[in-house]
Amino acid sequence: MDLSLGGFGDRRLEKGGRSAGAAGVPWSVRWLEAARAAGQVTGAARVRVVADREVDMFALFAHRPEHVHLLVRALHDHACGQRQGEAPVHL
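Each residue of the sequence shown is one higher than the one before, counting from 7 in our numbering.
Keep in mind that the hints were calculated from the coordinates and are not lab data.
The structure displayed is predicted, hence computed values, not measured ones.
Cβ coordinates follow ideal geometry from the N, Cα and C atoms, glycine included.
Per label pair, the in silico range of CB-to-CB distance:
no., residue 1, residue 2, range
1, Gly91, Gly30, 40 to 50 Å
2, Gly91, Pro32, 35 to 45 Å
3, Glu92, Glu72, 22 to 32 Å
4, Arg79, Gly45, 18 to 28 Å
5, Gly91, Val47, 36 to 46 Å
6, Glu92, Val31, 30 to 40 Å
7, Val31, Gly91, 34 to 44 Å
8, Glu39, Ala80, 12 to 22 Å
9, Arg42, Ala80, 18 to 28 Å
10, Glu39, Arg79, 16 to 26 Å
11, Val47, Ala68, 12 to 22 Å
Build the full structure now, drawing on both the sequences and the hints.
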């Protein structure tokens with residue numbers, strides 16, 4: 007089953023080089039919706055969601071279903087909040 011972008015359409019460029027979202031929905035929201043849809047797949051031992059740098063990484067990791075594994079392509083390390091005395095965690 008192909009859930010690439012959750013079936014949310016293609017990424018044709020608008021004037022100015024920006025990618026257009028269907029009905030004006032930001033791509034970061036589309037990634038979250040695709041991950042939620044992937045979490046509803048039944049019978050799968052593991053589900054992998056591959057996202058690019060347009061995803062809201064913190065929201066995606068915070069709301070991922072238990073059996074969904076995430077892979078995000080990003081240009082820079084993103085530090086997560088950590089408790090006092092713990093080493094920083096990077097996504």
